[in-house]
Every structure is written in structure tokens, then in C-alpha cells.
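Asks: Here the protein sequences line up with chains A and B, keeping their order.
Per our numbering, residue 535 is the first one in the first sequence, and the count goes up by one each step.
Per our numbering, residue 48 is the first one in the second sequence, and the count goes up by one each step.
Beyond 12 Å from chain B on every Cβ pair, some chain A residues (computed):
hint, residue
1, S540
2, N563
3, L620
4, M636
5, D663
6, V666
7, I677
8, V678
Derived pair list, reagent style SDA-like, types lysine to any residue, alpha-carbon separation capped at 20 Å:
hint, chain 1, residue 1, chain 2, residue 2
9, B, K223, B, G64
10, B, K231, A, E603
11, B, K444, B, H306
12, B, K190, A, E544
13, A, K596, B, P171
14, A, K606, B, R228
15, A, K536, A, F610
16, A, K596, B, N358
17, B, K49, B, E86
18, A, K608, A, E544
19, A, K608, B, P352
20, A, K596, B, E170
21, A, K606, A, E595
22, B, K446, B, E571
23, A, K596, B, K235
24, A, K600, B, E170
25, B, K226, A, H546
26, B, K61, B, N183
27, B, K214, B, F80
28, A, K606, B, I234
29, A, K645, A, K661
30, A, K608, A, L567
31, B, K309, B, D294
32, B, K357, B, E340
33, B, K357, A, G586
34, B, K190, B, D66
35, B, K357, A, D588
36, A, K645, A, A629
37, B, K231, A, E595
38, B, K357, A, E595
39, A, K596, B, G360
40, B, K357, A, G561
The set of hints was computed from the structure by calculation and includes no laboratory data.
No residue lacks a Cβ here, since even glycine has one placed at the ideal position from N, Cα and C.
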Amino acid sequence: MKHTISVLVENHSGVLSRISGLFSRRGFNIESLAVGPTENPEVSRITIIADGDDHTVEQIEKQLNKLIEVIKVKSFRPSDCMARELMLLKVSATAEKRQEIMTICEITESKVIDLTVNTMTLEICDKYDHLVKFVSLLEPYGIVEMVRTGTIAIQRGNETITK
Amino acid sequence: MKMSASKAMVECLKAEGIDTVYGYPGAAICPFFDALLDEENTIRNILVRHEANGGHAASGFARMRGTPQVCIATSGPGAVNLITAIATAYADSIPIIAITGQVATEQIGSDAFQEADITGAAEPFVKHSYLVKDANEIPRIFKEAFYIAGSGRPGPVLIDVPVDVQKAMIDFSYPKSVKIRSYKPTIKGNFMQVKRVAKALKNAKRPLICIGGGVFASNACEEVRKLSEIMDIPVITTMMGISCFNDEDRLFFGMIGTHGVKSANAAANDCDTLLLVGARVGDRAVKTPLALEESTTIIHMDIDPAEIGKNIGTDIPLVGNAKDVLSQLLEQVEPMKHDEWVEHLEKYRKPRKFPKAKKGTVDPRQFIEKLSAAMPADTTVVADVGQNQIWAATSYKLKPGGRFLTSGGMGTMGYSLPCAMGAKMACPDRTSLQICGDGSFQMQFMEMATCVQYGVNVKIVVMTNNRLGMVRELQDIGFNGRKVSVFLDGSPDFVKLAAAYGIPAMRVTDTRSMNKAIDALAGEDRLMLVEVCVDEDAPTL
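Chain A on its own, in the form it takes in the complex (with noise of 0.2 Å):
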């Protein structure tokens, strides 16, 4: 089962390594990762996305709160959080087929940023789920590359990752 993971670190360097090792050494599994600074310049934010049962995410848990930089850990029910992903797309496109992708872009909500004879680039933000529908309506046309940000999530409502 897939859980996503919230953590508040000191905005060290080697803090990241730290994470990323514990992860491989106790062999959970990742699924993505994502990090950035927050609303203090002094602390960073990780969501890191992780597959396995309740005692594996326990121990991720309980693990991660022993290293010293680790300021937080929430891990979030799928029901209490809201978490999206961004992903830029390379897709072939000659100029017959670009107002089809430009429907599945409207109704997708997604963006051209960039566009040349044989190809179009385009930005969509998403939950998961969405991303993987996108992906595979636009498949059809062929894929030329494709890069993603990892998962990022906040809590629905007044909740906040420090109460």
C-alpha cells in the first residue's frame, strides 16, 4: 500500500543523503521524493511517497524521527490530504494533429509551453492518478520524453503538519 510521508527537516546540507540512506539501508521502498524550503527559510520540507504495510510505514516513521535533523514526521491518510504532482511532456506533434492535443489539453486542464514543427511540450499539475490518465491518452501520439516533480501534499482544512 502506498503512504505519503511528510517530513520537516533543519535546512542542512547532508540532510537529504541522510534520509535517502535510510530509506535504502532499511529497505523501504520509495516511490518519490520530493523537497523544497518552506514558509521558514531554516526548514525544509519532504514528501516522500512509500510502499508497504502498516509496520514498515511505523518503522519509516519511528526511524526517520531518530536522525537529529528530522524536525517532523505526518504520515497522511489519502482522505486528509491533498497532494499533486507536476509534469513536463515532450510529445510528437505535427501541425494535423495538434488541435486534437489541444482538446485533451483543455479538458485535462494541462498547458502548451513550447511547440515546434514536429513536436509540442506540455505542463500539467495533478494528483497521480491524473498524470497517469494523461499520460496515456497522449501515448498514442508518441511520448519523446517526459520528466515529473514527485509528489507533494498539505492537509485539507486548518490542519498543519506542526499541529
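Keeping the supplied structure of chain A fixed, place chain B upon it in accordance with the hints.
Replies: Coordinates of chain B only, in the frame set by chain A:
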């Protein structure tokens, strides 16, 4: 006060009460060694013969003093050599501070001479580590390092200091307190959980306490004794918990595990409620945790929440420092009697009978048992790894006040002599007895020179059978007797080797020489070596 960063590093150690460090110099750590020379009357450096042994010596020192202790190495190979000692300390939760030199800041990442990414390489084995980039951070980093190493679940902390940082001038003042927002170990136990534990123990018909190394780490041996006595609960230990509880106590039933004693394993099998204190249920201590958790109410007390539920399912978790939590528990419990249960366990106690040893050898277990009867009560016994470790763990009958040290978690061969050396320097009034095999001795005998140089009196016992005995036995049992790479042919004459260092030595080959050697080992406190010839086929248990 303005001073060089290397002098500031020495001031930090002084402020932490460090009087002995175990270091091996090299170019990248020379400024620090130079600053140490100015304070040689306050802090003595012991020049070990290998960096790993410096780490093990600091470990032995730390275990006896109960405070973080320091080992030092230079950059690159020096630092990398230290990793075994860091990993060994990590596995047994021993607080050591490893200080390493690093190439100059502007050279980092250029594959410079003797450059190694030691904070990266040691990352899996440290509680925390620092690469010092700004010399002004040194006082804060040292203060934090000692605090982190010694508090909560103790462990090794690494400080890597580039050589140019050591030479920088800084304004020094040592912080009085530590502020780390993300590190706050739980010390007191949750009151409701303590009550639940008290109730579970009260309702138990066949309760049992199993203690591990965490009881030493929190200095809670006395609290365990009180709990056992008041509630009449039998006690067993893991290997790391040996000497935490009086061997002669009527409620003590020995060491648990695949190489443990029958009475301890039977107690674990037959109990209905098991209180684990500072024990992580390692695979060598409990082979089938699933079976145990199904048949038993498991109460797990540990300062590290990650240990609870990791190896064994728990009915009542209790996070906190053993000494504090047990004191809280003692306020909740009433005297009980479990005569029937204790009598039941008594059946499993059997006096040891030793078979007649082959000509030219003695039974290693008999030797150790007889030796333990003769040694002073407050002897620190340091066992290495292999058959010698199990012989020592199960046959040495500790007297009250005795202490048993070994590399339990990592099982690092070559730990015992440097550890015994550190233990002796930490407590010069106690006898330091080291027990190893002829395999492990050859991983560490260079430290005899250190013992000679600094006058460290260690009683060295080498069990020789010209075999890597533990592996030999495994190959006999598990690989149809196909013995491979376990023959130590080419070993030197250890008595002569000791003589080459100027260390008096004797060999045990029969009862007469055994008695003579035991008299010598139990006698005058001096550096000496006894080689004990044992049967190559002698069993571990």
C-alpha cells in the same frame, strides 16, 4: 577568548571532562595534535597501533565511565579505519566521539591525497555526524556532539574537521546548554502506561524480566534488582545485559539466546508475561519472536521508540529511560510471591560437568569457571567474539561488582584487547581481564605494545585451538563437516610473542599449569598473557 580552532577543540574536550583520548595522527589532524601537546598534563593521548583499536579503547573507557569518550584519526585511511569501531559502538549503543581530520575545505571533492568522505561513509553507523565548515561553529558542534552521544539512546557521533578549519582563529566560549529543537529524548514514562505495566505484572502467574544493555546505559541495575526482589520475578539477560544482575541471586537464570543457557531459554518459553528492559530482541537473543509474542504478554520498555514493535510485537509499550521508568514502576508495585514458578525454573539449573580434556589441552569452560572463582570480585571481563565469547559469557560466574563487556551487536573480532585497555584506564583499580581466541588475538595483538608503552595492566587470556572455532563448528554442523579456511596454521608461539614485547607469559596444557596460570591471573595486577590450549573440537555450549 581569541584562540586557534584546534586549541578550542582541546578546550571543548576539557570542558567535557575528558582526560584520555585515543588518537593516531596524520597530516590532516596535526594542528589538533599540536594543540593537545599544550595540555598534555590534562589530556593524555594514547597512541594506539590501529585507528579501529582507538575507537574500541574509547568504547571500553566510555562503558566503564558512563560518559562519551574520544577517539581521533586523520583523514582518508585513518578515518576509514575507524569505521569498524564506530559501527561496533553504534550496534551496542556506546557513546563515543570520533574526531577526524579532513583535507582543506577548498580541496574537498577533488579526490585529494588522503581524502575520504567520512561523514558519508560512516553515516549508517553514527547517531549523528558533523562536517565542520565554519570554525566558529566548533564550540556549538562539540557541545551538541557530547550531548547527543550521551543522552537518549547513546551512540557514536563523528566530527570531521578540515585541516584549514583547525588552523583558523576563533572567538571561543563553550556553550552552557544545548538547544536542538528536533532532538528531545523521552525520559519519564507515560503514567498510564506505567500503571498498565504494574497491573500486568501483578496479574502474571509466571512473570519474567529480561534485561539488556540499555540497563547499563541508564545505570538502572539497582532498580531492576529491587523490582525483581519485591515482586519475586526471575531475571534473565541478553549478552549485553550480563553483569547487570547478580549471578549468584536465587532469581537469576542466566543468558538467553541461541548460545544462551537452558534455564534462561526455558524461562522465556514458559513465562506468561515478559518484561523487556533496554533489550532490543536481537535475532541471536530471540530466534523466534513470533512464537514468543503469541504465547506471552510482552511489555517492552526502551528509550528508543523505534525498538518497540521492530523485532517483536508488544502488548504494552513503555518509552523512557530505564532508570526513571523503573523508579516510577517501583512506586506502583506491591510485594508478591511466585514460589511455584521459581521452583519450576529451578529444575532447569544443572551443575556443569566437564568431559576429560584431550591430552595437552584443558576444557575451556572449566578453565573459565575456575578462573572466575579465583578472580577479584570487581574484575572487568572483556570477551572477544567467537567460541571464546560464549565460553566467557556462560562459564564466567561473575561476583557482585563484576562487569562483563563484549561486542554484542556487531560481533567485532579484535574488540577485546583495546576495550580491556580502555576499561583499565577508566578504572585503574579494577582488574581488567581479556579473553579471546587465537583468531581474534591476531587481529589485535599489536595493542600489546600500547599496553607496554603506557603501563596498562591487562590480563590477556588467549584460547588457542589453531582454529576459527565458531566457524569450524558451523561448518561441522551445517556444512557436513566440510571445513574451509578455518585453520590458523602459521600462527606464532604466543608465549614467545608476548616475550618479544617483554610481557610475562605462560601456557596452559594440563590441570597443573591451569592452576598455576589461574593463580597468576588472580594475583598481582600486572600486564601478562596466558595461552590456554583447548581441543580443536571443543563445543561452544
